[in-house]
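> Here is how the chains run, residue by residue.
Protein chains: 2
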Amino acid sequence: MPELFTVVTPDEALKRLLSHLNAAIESENVKTNMALARVTSEEVIAESALPSFPRSTMDGYAVIAHDTYGASEGLPAYLNVVGEIPMGRSSDLKLKRGQVAKVHTGGMVIEGADAVVMVENTQQVDAKTIEVVRPVAPGENVIQIGDDVKTGEVFLTAGHWLRPQDIGGLMGLGITRLWVSRRPRVVIISTGDEVAAPEDKLTPGKIRDINTYTITCLALQAGAVPLSLGIIPDDYGALKAAAERGLEMGDIVVISAGSSVSTRDMTADVISSLGEPGVLVHGVSIKPGKPTILAVVDGKPVIGLPGNPVSAMVLFDHIVVPAIFRLMGCDKPPRRQSTQARLGHNVASIPGREDYVQVKLEERDGETWAIPVFGESNLIATLVKADGMAMIPLDKSGINQGDYVTVRLF
Amino acid sequence: MPELFTVVTPDEALKRLLSHLNAAIESENVKTNMALARVTSEEVIAESALPSFPRSTMDGYAVIAHDTYGASEGLPAYLNVVGEIPMGRSSDLKLKRGQVAKVHTGGMVIEGADAVVMVENTQQVDAKTIEVVRPVAPGENVIQIGDDVKTGEVFLTAGHWLRPQDIGGLMGLGITRLWVSRRPRVVIISTGDEVAAPEDKLTPGKIRDINTYTITCLALQAGAVPLSLGIIPDDYGALKAAAERGLEMGDIVVISAGSSVSTRDMTADVISSLGEPGVLVHGVSIKPGKPTILAVVDGKPVIGLPGNPVSAMVLFDHIVVPAIFRLMGCDKPPRRQSTQARLGHNVASIPGREDYVQVKLEERDGETWAIPVFGESNLIATLVKADGMAMIPLDKSGINQGDYVTVRLF
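As given, the protein sequences belong to chains A and B, one line each in that order.
Numbering (our numbering) for the first sequence: 1 to 410.
Numbering (our numbering) for the second sequence: 411 to 820.
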């Protein structure tokens, strides 16, 4: 049975899939210091201010700004040192006009004081007296209460992907636990009578499973929990049973199809039979990766990926990763790692198709060049030799040597 | 005591540090499917070929190429179908002149056959006969044994950072375990009498620890094992004891200094006292992050980071991450995630200093703009609001609005 594709663009394919994924996944309460790369499932409100006291940003003297007005090298202000503010503690000291107190960076600006004079703009006269040679304005060199974060402020919105500084900031606010979306479970099914488990002795005609492991790693990188159902033979009933089990266990089911057209057709038939709304897209205008199937069954994506490793990677990146983030409620996933580079050879393409070419990056005269690694798209060695994939946009008939391309880095 | 800096450039600082880190860390044998983002500690040789049999890249017929020579629409070659090659198995079939066998993509090209004719270039005449309307050359539509990976070939070099496709390829070669460098242990010490644990009730004058958690996450992202020794008071003996314990436990010691100059000086004194060769750099021409200390003690880096969160992030990224990869024996660490963008405002700098400005990214008319998020460098909120840091190179006195900058993404 020949495949009847109504091919759609990669963006359209993703749009159709995401339009069916509106229900948020459950959330769970976790320790903040274990929440790196998780996604907040609700707004995080600051319950306290940062800083919680006026802090000096300089080493110097806490002063009453008015006392320094008009001070200069020629006509310094002479002020009375009444003590030193300890780090990490409040102080009973309270400034009156004409008085200053020694303060360290990060120390409290005590009652009465409204600014800090840098130590560089002072001169010690005696144990109790300094000269100030430059005036300060009220608030100068002071971080006021809440200047960093105000009490009651939205510190993080819902759907925020947590980075190192977010974790640090939450801890800085004393928020040691928070609600995040559960990690979506991505169930991975490999099909193909020719596919064997890597641990097993290879018999003639078999190849070892590659895609289960590549996809597992890609799912991990995206913050999902990968679950493999192993290798399913080219049998409609067996594949359907596995897919149904996947839908029960997981939030997304990814089927890595066998290489033959008949297996791909069977995979399509199985996906079509699983439930509503069913197949949304069969065929994406992308190379490699055209024979991709996007379906949704009871709110869960079921993605049929082509069997060759490169196609599987390209499509996982384009379709499955955004679906994972959508399920976690993240509207602003981390940007894909990419770079601009000049293309090392002419590369032909077909308008109306997005092409991905595996490239190695080389630095030449301070510029980054993307040198295509030519090879069949179903060879793993080209993927291992490559640093990334150069993208030839949908509307181009090719890219000339020396032109700039965007390279999605591995 | 004022600090006496002999400031060096960020590149020179890193070079000095790495020149002392030549001993490789120990290696360990791990399961390949658990080795994502680890670094190979020795070459990986392919012990078998990929594919291990000649594979068809098309659905069609295995043929003897010679039998198709001269075939055309007008004058097809009539060939005798002797059977179908099963997927995933060898076949007893053996072609003689004039014979073909049906084959699927990924199926074995059997003995006697030397090419595959695509099904599209054939016509079924009867159950036993096809017409071939286009000739094929020997080897056409066939991946030969070892075309992907040859037996005995170096599949991965030592010091290779393992990506999803590398894991897939290793499994495809039946390499289910491999040797990787142990994850370096990064010991994190926070100092400062003003720093409190996030779990504790905050007393006046204290701020909660941010850097321990930010640095822990950055170390995790780089593939290291973070170990926190907690918050050490501003006491020479206590800090020295902690640093010595860190050197025993860890491969890298990172001290996040308190904010005051006196604490920073004490941190410098402690680092100087730990052993040989000791302090290599005290002061880096980078903003924020100048008061950074780089030392090596008995082959282990000891890094004194400034206390404010932004400086700590910038310097960790520049200095500690490359050191982690060097210890793992990785000469080609994953590229930093960065993007080109147009700067949203004029930003002044000083020639001879690398400046980092926190920016938000915005798309405007198909271009990415980097809009500076202004704020004190010791505010965590600016880091949380920012998408990355725009870099103003060492030799520039600033960058004009609309000029292109490289943004290191968080």
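Hints may contain errors.
Said to hold, decoys possible - Derived list of chain A stretches under chain B, where covered just means 3 residues or more per stretch with a C-beta under 8 Å from a C-beta of chain B:
| # | region |
| --- | --- |
| 1 | 193-200 |
| 2 | 235-246 |
| 3 | 253-266 |
| 4 | 326-339 |
Hints were generated in silico from the structure; no laboratory data involved.
All figures in this text were calculated on a predicted structure; none of them were measured in a lab.
Positions of the beta carbon are idealized from the N, C-alpha and C atoms, including for glycine.
> Checking each numbered hint in turn, tell me which of them this model violates, lowest number first.
Structure breaks hint 2 only.
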